[in-house]
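Protein chains in written order, with the UniProt record's numbering: chain A, 1 to 498; chain B, 1 to 498; chain C, 1 to 498; chain D, 1 to 498.
Don't read these hints as lab results, they were simulated from the structure.
None of the hints are false.
Covered by chain A, per the in silico footprint, the following chain C stretches (three or more residues, Cβ under 8 Å):
{"hint": "1", "segment": "116-123"}
{"hint": "2", "segment": "140-149"}
Only some residues are given here: those of chain B computed to face chain D with a beta carbon under 8 Å:
{"hint": "3", "residue": "Asp118"}
{"hint": "4", "residue": "Arg144"}
{"hint": "5", "residue": "Ile148"}
{"hint": "6", "residue": "His160"}
Straight-line C-alpha distance at most 25 Å; calculated SDA-like pairs for lysine to any residue:
{"hint": "7", "chain 1": "D", "residue 1": "Lys145", "chain 2": "B", "residue 2": "Leu171"}
{"hint": "8", "chain 1": "C", "residue 1": "Lys211", "chain 2": "D", "residue 2": "Gly393"}
{"hint": "9", "chain 1": "A", "residue 1": "Lys384", "chain 2": "B", "residue 2": "Lys211"}
{"hint": "10", "chain 1": "D", "residue 1": "Lys211", "chain 2": "C", "residue 2": "Ala362"}
{"hint": "11", "chain 1": "B", "residue 1": "Lys145", "chain 2": "D", "residue 2": "Ala120"}
{"hint": "12", "chain 1": "C", "residue 1": "Lys211", "chain 2": "D", "residue 2": "Gly366"}
{"hint": "13", "chain 1": "A", "residue 1": "Lys384", "chain 2": "B", "residue 2": "Gly213"}
{"hint": "14", "chain 1": "B", "residue 1": "Lys367", "chain 2": "B", "residue 2": "Leu304"}
{"hint": "15", "chain 1": "A", "residue 1": "Lys367", "chain 2": "A", "residue 2": "Val353"}
{"hint": "16", "chain 1": "A", "residue 1": "Lys145", "chain 2": "A", "residue 2": "Val181"}
{"hint": "17", "chain 1": "C", "residue 1": "Lys258", "chain 2": "C", "residue 2": "Glu237"}
{"hint": "18", "chain 1": "B", "residue 1": "Lys430", "chain 2": "B", "residue 2": "Glu297"}
{"hint": "19", "chain 1": "B", "residue 1": "Lys145", "chain 2": "D", "residue 2": "Gly122"}
{"hint": "20", "chain 1": "C", "residue 1": "Lys23", "chain 2": "C", "residue 2": "Val429"}
{"hint": "21", "chain 1": "A", "residue 1": "Lys421", "chain 2": "A", "residue 2": "Arg378"}
{"hint": "22", "chain 1": "C", "residue 1": "Lys211", "chain 2": "C", "residue 2": "Leu171"}
{"hint": "23", "chain 1": "C", "residue 1": "Lys258", "chain 2": "C", "residue 2": "Asp176"}
{"hint": "24", "chain 1": "C", "residue 1": "Lys145", "chain 2": "A", "residue 2": "Gln66"}
{"hint": "25", "chain 1": "A", "residue 1": "Lys367", "chain 2": "B", "residue 2": "Gln321"}
Note that this is a predicted model, so its numbers are computed, not measured.
We treat Cβ as the ideally placed atom computed from N, Cα and C, and that holds for glycine.
4 protein chains.
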Amino acid sequence: MISQNEDFDHAPWDVGGGSDDDKLHEECGIFGVLGVRDAAATAALGLHALQHRGQEAVGITSFDGQEFYSRKGIGHVAANFSNISAIAELPGTMAAGHVRYSTTGGAGLRNVQPLFADLASGGFAIAHNGNISNAMFLKRDLVRKGAIFQSTSDTEVIIHLVATSRYPTLLDRFVDALRLVEGAYSLICMTPLGMIACRDPLGIRPLVMGKMGDAIVFASETVALDVVGADFVREIEPGELVQVDLDGNLSSHHPFGKTDARPCIFEHVYFSRPDSLMGGRSVYQVRKEIGAQLAIESPADADLVIPVPDSGVPAALGYAQASGIPFELGIIRSHYVGRTFIQPSDGARNADVKRKHNANRALVAGKRIVLIDDSIVRGTTSMKIVQMMRDAGASEVHFRVASPPTEHSCFYGVDTPERSKLLAARMDVKAMAEFIHADSLAFVSIDGLYRAVGEAQRNSARPQYCDACFSGEYPTRLTDLADRENPDQLSFPVDKVA
Amino acid sequence: MISQNEDFDHAPWDVGGGSDDDKLHEECGIFGVLGVRDAAATAALGLHALQHRGQEAVGITSFDGQEFYSRKGIGHVAANFSNISAIAELPGTMAAGHVRYSTTGGAGLRNVQPLFADLASGGFAIAHNGNISNAMFLKRDLVRKGAIFQSTSDTEVIIHLVATSRYPTLLDRFVDALRLVEGAYSLICMTPLGMIACRDPLGIRPLVMGKMGDAIVFASETVALDVVGADFVREIEPGELVQVDLDGNLSSHHPFGKTDARPCIFEHVYFSRPDSLMGGRSVYQVRKEIGAQLAIESPADADLVIPVPDSGVPAALGYAQASGIPFELGIIRSHYVGRTFIQPSDGARNADVKRKHNANRALVAGKRIVLIDDSIVRGTTSMKIVQMMRDAGASEVHFRVASPPTEHSCFYGVDTPERSKLLAARMDVKAMAEFIHADSLAFVSIDGLYRAVGEAQRNSARPQYCDACFSGEYPTRLTDLADRENPDQLSFPVDKVA
Amino acid sequence: MISQNEDFDHAPWDVGGGSDDDKLHEECGIFGVLGVRDAAATAALGLHALQHRGQEAVGITSFDGQEFYSRKGIGHVAANFSNISAIAELPGTMAAGHVRYSTTGGAGLRNVQPLFADLASGGFAIAHNGNISNAMFLKRDLVRKGAIFQSTSDTEVIIHLVATSRYPTLLDRFVDALRLVEGAYSLICMTPLGMIACRDPLGIRPLVMGKMGDAIVFASETVALDVVGADFVREIEPGELVQVDLDGNLSSHHPFGKTDARPCIFEHVYFSRPDSLMGGRSVYQVRKEIGAQLAIESPADADLVIPVPDSGVPAALGYAQASGIPFELGIIRSHYVGRTFIQPSDGARNADVKRKHNANRALVAGKRIVLIDDSIVRGTTSMKIVQMMRDAGASEVHFRVASPPTEHSCFYGVDTPERSKLLAARMDVKAMAEFIHADSLAFVSIDGLYRAVGEAQRNSARPQYCDACFSGEYPTRLTDLADRENPDQLSFPVDKVA
Amino acid sequence: MISQNEDFDHAPWDVGGGSDDDKLHEECGIFGVLGVRDAAATAALGLHALQHRGQEAVGITSFDGQEFYSRKGIGHVAANFSNISAIAELPGTMAAGHVRYSTTGGAGLRNVQPLFADLASGGFAIAHNGNISNAMFLKRDLVRKGAIFQSTSDTEVIIHLVATSRYPTLLDRFVDALRLVEGAYSLICMTPLGMIACRDPLGIRPLVMGKMGDAIVFASETVALDVVGADFVREIEPGELVQVDLDGNLSSHHPFGKTDARPCIFEHVYFSRPDSLMGGRSVYQVRKEIGAQLAIESPADADLVIPVPDSGVPAALGYAQASGIPFELGIIRSHYVGRTFIQPSDGARNADVKRKHNANRALVAGKRIVLIDDSIVRGTTSMKIVQMMRDAGASEVHFRVASPPTEHSCFYGVDTPERSKLLAARMDVKAMAEFIHADSLAFVSIDGLYRAVGEAQRNSARPQYCDACFSGEYPTRLTDLADRENPDQLSFPVDKVA
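Same shape as in the complex, but just chain A (with noise of 0.2 Å):
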């Protein structure tokens, strides 16, 4: 593989909130707009309400009737899209973008989205949220093929079926394309005769639909619809195609028949904004009802429920709430996250954890203490809270999880460490507690996260969420992962690309 070393600022890209190690990442946040005057900075304003979803860089392609624009950057939304001259360079009523968090495929802007080519029919940008588990598969024969990727994304797959499909219309070759597709994806594209959002089979990954007078918006989360002014109108339904032509006239298209849905199950535990809907159900009442759920099945006798700050927050709410003890904000977090910094050789033990998290020594001291966290990854972070927690004088730590342990890696769009560095494959609950040195420690239920959507229990013949993260039992084929596994088997020789 080539190492493109573009040149691009290296600007402080990672100041501000967020960047924790010991968390999983979302891998991104797509949205789009067709048939408002300024269609580039409402992606902006859009995209930044989606920053949560992707921190290390940001696109937006716009199409003004003739032709297409696009304005890529590492870093925030708000670092590269807030001058007027950014905007300017996007001029067209209609725009999607993309906010990213993965590093995958390498640094430099080629990986950035959208992605843009030049086909036949004119202009296509797309822009994806989830991953492809067949991707490198596909790339290989259409290498093979004659196919030169500009990239290492394996959304850049999706474009070359559809620039090598051999059916007449633009939709036809974009389905003929999806068939030949596995894994998690909602898409948002655009060419010249306008836009089209579609969601895979499962509806793994979340997409909704809004309307801003004859306006219409596509975003991940209804909280950019809430930022930008829109009206909340419909989730585009798993296996559902939506295409809307410049003027605004929309159609519905169901290309893989109705499908059972298996949304992503984590986006409620952590992923997307408290002030979403997702699944017709607020994201924040969620939360507080896994914290009152795991209050039922593992209470604690305590003085203070403490949340780790912020996504611990409507979790030790619901604890609090109904269990009785008070909550209290034991912990102070930084606004000014940004870098890690140089450890200084003397003096500040985990300073590196202290300048996010800071004990509220005086409310904590000499008080039995319930932390409520929205999940347990490496189990590095949590280990250095309770620890900070002692040393600010809490009596007791006890430590609550707003979600069954995470045993199994993510091949649906979000970043997990590989499975060796989760703490829950590794150990059981009791050597959890004892690595993390709480006096005790529980996970709320895989039923009690049903119970907490909605549900009355997980179906396990045919379960209502994808929660392979928790379960192991993942709802698509993983192709490229076997074909790792068993390189035997492979139709193809391994190229060194994938």
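Given the structure of chain A, go ahead and fit chains B, C and D onto it with the hints provided.
Just chains B, C and D now, kept in the frame of chain A:
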């Protein structure tokens, strides 16, 4: 005045939290350490913990026993001092630094502190939190005698007074200089002989001392001690000057005699981090107590208590606990504030508020809510937030403010709009309620505030705090202000530098 | 077409010599080396020696036996490849590079060569000097079959033709591709098996081979061999393809049969460095000989022979020696050309010319002078220089040009203004003399030029050189040009990418 | 001393001509203009014409009748002042600027001139060409009295002397300051009342005055007048101070009485542009005359006269014309000098010389050549160039130098290596010839040099020029040098700033 267009990078320095236009802003935080191996690394960490006191620029000066080294930058500590090469430029076991909000004096690194000068006695570095209220008066006199100013910072006056003092020792020259100075100052200075920390006779701005093994630490707030791993020793007393030599020997001086303290009460309301101790009290507990006082003084018949995040959270918890009304997160704050975006011409009413604060619509719809904020400055943001709650379906909005009405400007190092822009200087509470469109509005009383900080009530004969922003009673002379208002009484002509 | 706003640094890339707006510009220089330890460092040095062939962008690709590495930049070789870290990014014993004048296809690094693609056979890099005159025709067909272009460079057509060829070996696929291509090309390609250098059947653009110990070097001009310390071996023949494997074994191929050469004669007039050998002759001596021909054909009764520096110097020496009139530096050229300055509104007539070329006033005052320049393109600079000589007191100005009138555009890789901008296409010599305000004006004859390169005269039946810019006789078909001029005869609709 | 790490762009500032390590370097050029609409644009153009006098940094200060504006940058004028926004930052009809070679005092913009200070009398800007030879002595005294220095530039001493002078008018204070100063200085100053230009009593460094309509222009050389379109009026006399008020009224002062001039003779040899007039003579003609003197004093039996370009060209023409040996370009100079490249580990002997100067091999092979250069400093480059000629086949190489042996350091504003590095201080001419491997070597005699500038011979009792670099006879006291060499005789202790 010369306009220095130094070619610094206009990096995205306001990416990240907190550039909230409708708040008062503390202008500075200072930090010093003597006796650790990598003093600059410790200073960077300490300044990061004080970032909320000033986000626009940062500087650190170190001393390695032979030479002074200085590095300054525009923007956050993390953006300027987190990489190893930045710290490597600052060798030595003594270092002091400064974070700064104000752009007074124009852009450019020359106003970024610590300021440094090569005096006849050797190098002299100074970091200042506060404001000298007769700086222009003193500067005019110094310039007439041949002094050449490098910056437009009031702090530089102190250096020239030290440089031109006729006393034999540096300490005498320093005290000689401070005797001429009026206003608010907490200072950390470095000389080839060690560090000097001092606080003005009224102790208007905070300064604390800590210990980390044998090393001595000074900082604006105790949170910086926590983050670097130092133990809190005590506050520097009003009018006290603490000298530490390079071997760590301390001596305390009170060159101005004993004075009655008048520390800034707004530190408790908003400026300080909730996890700091200030005047022996937990800032978090004081804020909760203010909320409790508010609940007693100004109850509301409502379903939910909702903080304006993040500064309103402790008072809201106090109000909720005292009133029994549930505390809920009805407003979700984005972690990715950054710069102002281009407002799209269609849609998106008040997009600029929404991209920071979004209504948790599912929670507040149909509810009577109590909104808690720490203060009202111009009132523009409050108005938009009330509207956002109504748009989200709140049936009643009762606004409660955790400080008395802010009616007066601060001349002691806090960035306040001119008086005519302060909502409370323009109208009474009833009119303010109408202006922000709240169903009811109430501020905590001045005595309620004093009770929250542990006093029985405000001693109007000799107030225990500086509360000039509420009361208009300034505890010092304001020479420069008087000169500006009565220019004909000036001893010197007003020069254009002023 | 998409407008790619890649965020490269707009560094002061045109600082330094040569961005002369009133000259023809060679569009590219290429260099390759195989068999040295730091191939990229050698390539950087070689490209620096070819910098006069293209100043706007530069790229180098290397191969270390396993992977290809690429680095591209806007501006000069020295600005992009002189630091050790740049070279360190390009390991390996084989490297090829490219300097580029043209901004055809829009700004952005994606058009900077070498272009690279991962083909089924492995990596493939290509550096091209010349222009493919049926590129649009071929591209339309490729896109219809599903090819996705990364750049707007004509060179990319070759890569796609190679990728989609059905021949089994890469060499066959490469020749298969070249058979479809018309126009001018000197190419250096790299594959995992070695390097391929080739020249179009007419040998329009130059390409030479050298040796440095066991290492093989290819370059546009011999000066690059001198600078890297290689010995000149021979020119690549027109229509020849030289293959070198990783062990340094050479093989020569003539896939198009033997053809009559038509090398570009303008290389001798202006493009090449005077210290290069071209077609077996010293460029410096040829230019002196052109000056001597001029002195014979168009003598002048004058006191001084003055070159327009630097390109007019050799011809002026030849003219002076042949005529016996002293050679003097009557115009001093600044070494610091850089960008155009803001023209002050007062004073400074023609400041933009003067900051490059200033009259040596004390020398020319009162003198009759012969000015020698290599060519006249638009005539605007010539006019200003004549005026500058008159302003400096020259009593007569006789202008002599070391090439025939430039009447036609070049379609073989030289940046020419459209024909209507060429002075010689708009008026006869007499009118040109008036336009530039010279007392007399003469161009060398076409036969005089052929004599200077060693021919008896131009063979009008079968010209020995490509002299289309003077004669209008293009030695190849110009398919794309014909398509543009007769769009109704196209086999495919003209797509907007073209 | 403090190490100020100001965050300026490390732009590729040495791209472009002239950073020749084996030459003496003029340290500065200055330019001022009063009475034109866009004074800064004119100053930028004028400084560009003086770029050869200093390539490392540039600054311009302007005055619009109310305020002073300043902009400084690292690198070339074109890189810093060619865009419209840079000029727009510098409004007003009066401007002065400075180009600078030296990095004395460390990197950073604070040493870039013009220096500026707000004095009691108003703003004061100063641009200086030269060197103050008692600057350290004066600085120690000023610091003891309370002065705080902003830079490590010797020029700042003048500002502090003006600021602390007790005389009533600025002009008196300025003269009072200059009386204390020893060494070489040409100065352009700006105050709110107008511009002051002056030259030290010996007139060591040049300064000329021109007129452009009603506007007055001052510049180091006449070439800057040519380029901005001004007419040359006269040189500022040694010891003269010219004052121009804002209405353009001039007054001339000779505060030091009449003095015998000792202008720098090396300006004629190398520093000045050949198209400048210096001391009433054409620099080009003087250099040709030096070449002619050399031909008379040191003839050579040779086939070709070859200059080391570009500085050796005029002397080579003079040598050729006097000797009758043909002048030819046997060395081709690259226009693209830029930074030093990484030397490849294979091949390329002396690549660093070759990328600047390449042999015109076809010309010199088999020939006996006379090489002409302006001077020999360290001798390392001369040695490599002789070798390059031999490698190209020259049968004999006779080296002729257009100045006497450079045996002594300059303390008047020219960057010279320490004496022990000067080849002529280390060995006699015969040994030098062997060192550079020339068949013969000769320098012009000191009287030959004086003849070339129009004198009958050097007046050894009272030399007409400063020729200390050849003779060791310094025309002023060198107080700081004496203090360094005899530290026990100092009146004050040597502080570390020195």
